[in-house]
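*Asks:* Sequence:
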Amino acid sequence: MTVEAHKETLEFKAEVSQVLDLVIRSLYSNKEIFLRELVSNSSDAAEKLRFEALSDDGLYEGDSELRIRVTVDRDAGTLTVSDNGIGLSRQEVMDTIGSIASSGTRRFLENLSGDQAKDSKLIGQFGVGFYSVFIVADKVTLTSRRAGLGADHGVRWESDGRGSYSLETLEKADRGTSVTLHLKEEEKEFLDSWRLRSIIGKFSDHVAIPVEMVKELYGEEAEEKKDAPPEYEQVNRGTALWMRNKSEISEEEYHDFYKHVSHDFEPPLAYAHNRVEGTNEYSTLLYVPKKAPWDLWDRDQKHGVKLYVRRVFIMDEADKLMPHYLRFVKGIVDSDDLPLNVSREILQHNRKIDTIRQANTKRILGLLETMAKDEPEKYGEFWDEFGKVLKEGPAEDFGNKERIAGLLRFSTSNGEGTAQRESLDAYIERMKEGQDKIYYITADSPAAARHSPHLEVFRKKGVEVLLLSDRVDEWLVSHLTEYKGKTLQSVAKGDLDLGDLADQEEKEAKEKAAAEHGSLIEHLKKSLGERVEEVRPSTRLVDSPACLVVGEADMSANLARVLKAVGQDAPETKPTLEINLDHPLVKRLEAETDDARFEDLSMILFDQAQLAEGGQLDDPAAFVGRLNKLMLNMMVAGG
40 MTVEAHKETL EFKAEVSQVL DLVIRSLYSN KEIFLRELVS NSSDAAEKLR
90 FEALSDDGLY EGDSELRIRV TVDRDAGTLT VSDNGIGLSR QEVMDTIGSI
140 ASSGTRRFLE NLSGDQAKDS KLIGQFGVGF YSVFIVADKV TLTSRRAGLG
190 ADHGVRWESD GRGSYSLETL EKADRGTSVT LHLKEEEKEF LDSWRLRSII
240 GKFSDHVAIP VEMVKELYGE EAEEKKDAPP EYEQVNRGTA LWMRNKSEIS
290 EEEYHDFYKH VSHDFEPPLA YAHNRVEGTN EYSTLLYVPK KAPWDLWDRD
340 QKHGVKLYVR RVFIMDEADK LMPHYLRFVK GIVDSDDLPL NVSREILQHN
390 RKIDTIRQAN TKRILGLLET MAKDEPEKYG EFWDEFGKVL KEGPAEDFGN
440 KERIAGLLRF STSNGEGTAQ RESLDAYIER MKEGQDKIYY ITADSPAAAR
490 HSPHLEVFRK KGVEVLLLSD RVDEWLVSHL TEYKGKTLQS VAKGDLDLGD
540 LADQEEKEAK EKAAAEHGSL IEHLKKSLGE RVEEVRPSTR LVDSPACLVV
590 GEADMSANLA RVLKAVGQDA PETKPTLEIN LDHPLVKRLE AETDDARFED
640 LSMILFDQAQ LAEGGQLDDP AAFVGRLNKL MLNMMVAGG
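Convert by adding 39 to the 1-based position in the sequence shown; the result is the number in the working numbering.
Honestly, I wouldn't trust all of these hints.
Label-pair restraints from in silico Cβ distances [stated by the list, open to error]:
(1) G557 <-> D633: 15 to 25 Å
(2) E290 <-> V315: 19 to 29 Å
(3) G568 <-> E591: 36 to 46 Å
(4) A630 <-> E569: 43 to 53 Å
(5) P485 <-> G524: 26 to 36 Å
(6) G590 <-> R390: 55 to 65 Å
(7) E356 <-> A261: 41 to 51 Å
(8) E356 <-> E290: 20 to 30 Å
(9) A630 <-> G419: 33 to 43 Å
(10) D413 <-> E468: 14 to 24 Å
(11) E272 <-> D177: 22 to 32 Å
(12) E290 <-> K499: 43 to 53 Å
(13) R390 <-> E569: 16 to 26 Å
(14) E290 <-> W233: 21 to 31 Å
None of these hints come from the bench; they were simulated from the model.
On a predicted model such as this, the values are computed, not experimentally measured, just so you know.
For every residue, glycine included, the Cβ atom is placed at its ideal position computed from N, Cα and C.
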C-alpha cells in the first residue's frame, strides 16, 4: 500500500524557540548530555510499551526483545539513536516536540534572568529533554510509528532548530522511534565509537533496556565479515541499579541514575537506597534534589516517584507512594508484590501501597533529620529550596507532625537579619525562665513581622518571637498548635497573657489604668463605632501609640488578607484597638476637647495601627485628608 504523503511546515510555538535558544547557549559546556537524554527517552518508550503490552501483547508485533541502538554514519556525518519502544503518532509528535505541553512553561520562561550561569541551573530544573540535540546538530530528523498503528501511520519530523519544523506522513514497517542528528562540523567527535561508548557507560550504564552498538571488528575477523550485516553488542550493564547491592554502587553511579530519572543535570543533595523483605517486599531509591523544580507550585502538575513492579515500569509520578508535602522527592519504588496491571485507582485502596508510603515518608524524614544534625549547612540549602513545602506537612501528616515540626526553621526576633533560621528545639532551649509558650507573629513580609508593634513588650523582656511571613505559615500554625508540650501562641491574638513573665505590678498597673482612663476608652469606642469590637489599654506596646488585636478564636488579619488576595471570602472580624496610655499621641488625644478633632485623631490612630501591621485602608484618601488637616493645625499653632 502506498502512503499519500501529507507534509506541512509548521512554526515552533514561541516558548519552544526560547527554550531551544536557552538550551543551546547554557548547556554547550556540557554538550554530551544530549546522548543521555536520547537514551533516556528511548528507555522510557520501551518501558511504556512493556506496560501497555501487559493488556495487549499484540503491540509487540512479534518482536518482544526491547532494545536501543546507537549507530553512526561517518560519511554522512550522522549519529542515530533508535528504539523499538511504544513510538509516537503524528499528533503525539506535534504535542511533545512541536510544543511544550505544560501549563507552567510560561512561568518557567518568566523566571529566566538573562544571566547565563543562573539560567543554566534553571534549565536543569526544567528538564533538558529532546531539545538538547541542537547543542551538537544543525539538523535533526525523527521518524516514528506508534505500536498498534499500521505501517502507513509513520511520521517524519525534521528541523534545524531555528523556528520551524516539517512534518510528513511516511510508511514505516517497524514500530518505535529513530532520531538522526546531522552533526555540526565542529562536533564530529561524536562519530567516534569509543567516545560514544564512554558517554553511554558514564550516563546510561544503569538503564535497564539494552543499549547496543555495532561490534568493533579487527584484523582477519574484520576482513572475513566486511560484507556481512553488522553485529550488535550491548554496551551498557543493563541491570536495574536499585537491585544491586549498595556496596557495589559508587556515588557517581547513584548521581548518574538520579540524572536519568529526574532529567536534572546537577547531582542530588542526598539519597536513600533500601531493600525491604518480609510480607511486603520492595526496593526504593529516593533522592532529594539540590534545586526545586520550576513547577513545584503548579497545582496541575503531578509529582511523585516512578513505580515498577518486578522491574517492569508501571507509571511515572505515582503520587500515592509519597505524601504531597514531599512531592519534591525523585526516584523509584519497585514492588515484588503488586499486580502488574496496577492502576492509579488500585493504588488509592491498597494496603501494601499505604505501607510503602509510610516507610518512604519515614525514610525521607530520617534522611533530613540526619542532614540537619550532621550537615547543617547542607540542610540550610535544602530549607532554602523546599522549606515552604515542608511546612505543609503538619496539616497533611498528623502521625509525623512532631517529626516534621522538628525539621522546620524560622526567622526570629533575636536575629538581626531575616536569613537567620532557628529550629523549635533551639527556641525552647533559649526560652526565658517562667516562659511556657512558643510565641509567634504572622505577617505578609519579613520586614512587617520584624517591625510589628506587637513585639515591643517581648523585646523589652528579652523574649524571642518566631517571625512567620510565608503564605503557608497561616496554614501551618492552624494545625501545629503545640510542640513538645509547649503551646504556640500568636502575639497578635487575644488578651496578652505573659504568665509568669509578667510581674504583679504590671497586672495591677493595667487594671488601674483601665479605671483611671475609662472616659478616654469610652470616648474612643464611641468615636470609632462599628470599626472596633473593643478599646483597651495595652500591655504589648512600649514605643507605638496603638495596635490592632483579634480575638483568640478569630481569623488573623494576615490570613484574611491572604484569602482576599487569592479571591477567597474571609469573615469580617472586628478588631480590638489597644492603646499605649504612656504615648504622647494618646495623651494628646485624651486632652482634646474638640469633638471633631478628637474623631479625626481617633481615626488617624486606628488607620496607623492598620498600616503598621501591613493592612490596607478602606479609605486612604480620607486618612491623607485627616493627616493633612492635623499637620496644618500644628503649623498654625507653631506659627
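*Asks:* Next, verify each hint and record whether it holds.
*Replies:* Verification of the supplied hints:
1. G557 <-> D633: 15 to 25 Å: holds (21 Å)
2. E290 <-> V315: 19 to 29 Å: holds (23 Å)
3. G568 <-> E591: 36 to 46 Å: Once the Cβ atoms are compared, 23 Å apart, the range 36 to 46 Å for E591 and G568 is violated.
4. A630 <-> E569: 43 to 53 Å: At 26 Å between Cβs, range violated.
5. P485 <-> G524: 26 to 36 Å: holds (29 Å)
6. G590 <-> R390: 55 to 65 Å: violated (44 Å)
7. E356 <-> A261: 41 to 51 Å: holds (47 Å)
8. E356 <-> E290: 20 to 30 Å: holds (26 Å)
9. A630 <-> G419: 33 to 43 Å: violated (53 Å)
10. D413 <-> E468: 14 to 24 Å: 19 Å Cβ-Cβ, so the 14 to 24 Å window holds.
11. E272 <-> D177: 22 to 32 Å: 30 Å Cβ-Cβ, so the 22 to 32 Å window holds.
12. E290 <-> K499: 43 to 53 Å: Holds: the Cβ-Cβ distance is about 52 Å, inside 43 to 53 Å.
13. R390 <-> E569: 16 to 26 Å: Cβ of R390 to Cβ of E569: about 56 Å, so the range 16 to 26 Å is violated.
14. E290 <-> W233: 21 to 31 Å: holds (25 Å)
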